[in-house]
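2 protein chains.
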Amino acid sequence: MAKYGYGVDIGGTMVKMGLFTTEGELLEKWSIPTNIEDEGVNVIPDIAASINANIEKHTLDKKDIIGIGMGVPGIVEKGGFITCVNLGWKDHPAITRMRERTGLNVRCENDANLAALGEVWQGAGKGKKDVVMITLGTGVGGGIVLDGKLRSGFHGSAGELGHIPVNPRETRLCNCGNRGCLEFYASANGNVRLAKDVLNETDMDTPLRSIEHLDSKILWDLAIEGDPVAVDISEKFCNYLGLGLAMIANIIDPEMILIGGGVSRTGEPLRAKIEKYYRGYAFKPVKHIDIAIATLGNDAGIYGCVKYLLDE
Amino acid sequence: MAKYGYGVDIGGTMVKMGLFTTEGELLEKWSIPTNIEDEGVNVIPDIAASINANIEKHTLDKKDIIGIGMGVPGIVEKGGFITCVNLGWKDHPAITRMRERTGLNVRCENDANLAALGEVWQGAGKGKKDVVMITLGTGVGGGIVLDGKLRSGFHGSAGELGHIPVNPRETRLCNCGNRGCLEFYASANGNVRLAKDVLNETDMDTPLRSIEHLDSKILWDLAIEGDPVAVDISEKFCNYLGLGLAMIANIIDPEMILIGGGVSRTGEPLRAKIEKYYRGYAFKPVKHIDIAIATLGNDAGIYGCVKYLLDE
Numbered sequence: 010m011a012k013y014g015y016g017v018d019i020g021g022t023m024v025k026m027g028l029f030t031t032e033g034e035l036l037e038k039w040s041i042p043t044n045i046e047d048e049g050v051n052v053i054p055d056i057a058a059s060i061n062a063n064i065e066k067h068t069l070d071k072k073d074i075i076g077i078g079m080g081v082p083g084i085v086e087k088g089g090f091i092t093c094v095n096l097g098w099k100d101h102p103a104i105t106r107m108r109e110r111t112g113l114n115v116r117c118e119n120d121a122n123l124a125a126l127g128e129v130w131q132g133a134g135k136g137k138k139d140v141v142m143i144t145l146g147t148g149v150g151g152g153i154v155l156d157g158k159l160r161s162g163f164h165g166s167a168g169e170l171g172h173i174p175v176n177p178r179e180t181r182l183c184n185c186g187n188r189g190c191l192e193f194y195a196s197a198n199g200n201v202r203l204a205k206d207v208l209n210e211t212d213m214d215t216p217l218r219s220i221e222h223l224d225s226k227i228l229w230d231l232a233i234e235g236d237p238v239a240v241d242i243s244e245k246f247c248n249y250l251g252l253g254l255a256m257i258a259n260i261i262d263p264e265m266i267l268i269g270g271g272v273s274r275t276g277e278p279l280r281a282k283i284e285k286y287y288r289g290y291a292f293k294p295v296k297h298i299d300i301a302i303a304t305l306g307n308d309a310g311i312y313g314c315v316k317y318l319l320d321e
Numbered sequence: 010m011a012k013y014g015y016g017v018d019i020g021g022t023m024v025k026m027g028l029f030t031t032e033g034e035l036l037e038k039w040s041i042p043t044n045i046e047d048e049g050v051n052v053i054p055d056i057a058a059s060i061n062a063n064i065e066k067h068t069l070d071k072k073d074i075i076g077i078g079m080g081v082p083g084i085v086e087k088g089g090f091i092t093c094v095n096l097g098w099k100d101h102p103a104i105t106r107m108r109e110r111t112g113l114n115v116r117c118e119n120d121a122n123l124a125a126l127g128e129v130w131q132g133a134g135k136g137k138k139d140v141v142m143i144t145l146g147t148g149v150g151g152g153i154v155l156d157g158k159l160r161s162g163f164h165g166s167a168g169e170l171g172h173i174p175v176n177p178r179e180t181r182l183c184n185c186g187n188r189g190c191l192e193f194y195a196s197a198n199g200n201v202r203l204a205k206d207v208l209n210e211t212d213m214d215t216p217l218r219s220i221e222h223l224d225s226k227i228l229w230d231l232a233i234e235g236d237p238v239a240v241d242i243s244e245k246f247c248n249y250l251g252l253g254l255a256m257i258a259n260i261i262d263p264e265m266i267l268i269g270g271g272v273s274r275t276g277e278p279l280r281a282k283i284e285k286y287y288r289g290y291a292f293k294p295v296k297h298i299d300i301a302i303a304t305l306g307n308d309a310g311i312y313g314c315v316k317y318l319l320d321e
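Going down the list, the sequences are from chains D and G. In terms of our numbering, the first sequence opens at residue 10 and continues consecutively. In terms of our numbering, the second sequence opens at residue 10 and continues consecutively.
Isolated chain D, as found in the complex (with noise of 0.2 Å):
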């Protein structure tokens, strides 16, 4: 029975790691820069490298490690080829080269999703079977946990919640080459969007106006302190997500909705008003569902790479 396993959270800018008991306990975490270079080709070597030298610091069998799960922010397709526009990777084969590099078994999958089934582990959702987690960072993400089970989907795009068409009326073009999805609106950006679209069709007065560059921290601070425009804005971007979070719960049924990423460090006051505007969406049997701000933080992807060698 093996008693660790590595958690290896991939980034644009840094690699977080993390050496967990299979119990769950996060026994040491430590980062290293993403090297991007030369179509990210490093990445891997790095992290290997990275992975073998924490291995002999604790003198650790090999028999002893499950392996290492590795969260990128890419769809994983079937086969394990990995496109990660961010790390520079096309149908890169990281997942046996990783293996080669270290001897361990490795498992990879969306970040995204791996901090679902991280909060379900050992977070906000434990205990619990049935979760879908939204990510608000500067994007928007998600994962689904149904029956404990992480759901990746038949072509590894499942809990892609940033890509849901909330408004069919939107004219403008999201990254993803539709219109309305919820990512446009309920992103960090989109938040910042929001802003300038409220701006633009109000003349009232807002100590926003003389802010150069709107974040969605500072609109939150704002709509909290009671600024009439940054509560409109408020409004609208809850709006949104409660809008995709009924959707999703209408159809999928699940037991708890998880918030989390950059955006959820607000806490209540986005939880309680996403919650208003779900309530209202939300069909019967869903209606009342918990809705909860994610615990883990940053460190959700790494429990949830550990979780994922579990269940395998």
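Treat the hints with care, as some may be off.
[Stated by the list, open to error] A few chain D positions that, by computed beta-carbon distances, are all more than 10 Å from chain G:
hint, residue
1, Met23
2, Lys38
3, Leu69
4, Lys71
5, Thr147
6, Lys205
7, Leu223
8, Asp230
9, Asp320
[Claimed, not checked] Covered stretches of chain G, going by a simulated chain D footprint (3 or more residues, C-beta under 8 Å):
hint, region
10, 254-262
11, 288-296
Keep in mind the hints are simulated off the structure, nothing from the lab. Ideal Cβ placement from N, Cα and C applies to all residues, glycine included.
Since chain D is already given, all that's left is putting chain G on it; use the hints.
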């Protein structure tokens, strides 16, 4: 190893029944009327008597029968209590009652969920593992099969696709108490509602104005003949469906989408038009999945009942 199974699809007017081999062959099918008097207290005794008579007729050994699968037009809650407005049932212990009267194993699920499972077992989804089926009838229902198994949901309401919010700007109420549900536009009744909306908005001449009782078939017949107003109605109808199906596919990433129910008898003109809108709204990885018309018709439910017994 059991050789036979009974499928029982309980509707508000008729109960459809079938005797199947566990290989999926329908050996015999028949119907009895649904007696919904006295809060539907006779529904289960009538079905049990009919099945007991069938067992006797074929001199089957109960050891050779895997059980009775039942589909009901409602949500089967944890604990097995069933509420179906159409049958007069409120927290009805139908499963226990059926067991007592037949001595057989009994399982019960929502009828649209079982129709999806039936299509995946022996119909248009045969050989597929991840399938969403939407049922366009008096209302809009649906079922979701993931990794070959039915997704019932935490509260038994997964796949209630009729109540996905597709139009946040709607002011009129759906039967469920919310606004802008897919069923409000994409059921047979919704089709007529859309027609009336379009007729009120246009002065164009159309044979539709002289028809006293519009129904979905008349609307589609005229659309196929090329009447511009009927075409406009059919476009709006399929736009809502394409949007709703794209939401579903973006979230759960299925292999295939099936369209069933009475309205689906229109066949290819309906399918192709839904597909057109779907492709406009769907996220890239699921944009080109198969969308097909279901093939088992009214028998899908009884097939699904028996597969549900096999999956226990």
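Consistency of the hints with the structure:
Every CB of chain G lies more than 10 Å from the CB of Met23 of chain D, the least distance being 27 Å, so the non-interface label holds. The Cβ of Lys38 of chain D lies farther than 10 Å from every Cβ of chain G, with a closest approach of about 31 Å, so its non-interface assignment holds. For Leu69 of chain D, the shortest C-beta to C-beta distance to chain G comes to about 34 Å, beyond the 10 Å cut-off, and the non-interface label holds. Non-interface call for Lys71 of chain D relative to chain G: holds, since the shortest CB-CB distance, roughly 32 Å, exceeds 10 Å.
A cut-off of 10 Å between C-beta atoms confirms that Thr147 of chain D is not in contact with chain G; the least separation is 18 Å. The Cβ of Lys205 of chain D lies farther than 10 Å from every Cβ of chain G, with a closest approach of about 21 Å, so its non-interface assignment holds. No Cβ of chain G approaches the Cβ of Leu223 of chain D within 10 Å, the least distance being about 25 Å, so the stated non-interface status holds. No Cβ of chain G approaches the Cβ of Asp230 of chain D within 10 Å, the least distance being about 28 Å, so the stated non-interface status holds.
Chain G leaves Asp320 of chain D outside its interface by the beta-carbon criterion, the shortest separation being 13 Å against a cut-off of 10 Å. Restraint check on the region 254-262 of chain G versus chain D: 7 residues with Cβ-Cβ distances below 8 Å, three needed, restraint holds. Chain D is given as covering the region 288-296 of chain G, and this holds because 7 residues of the stretch bring a CB closer than 8 Å to a CB of that chain, at least three being needed.
The structure meets every hint from the earlier list without exception.
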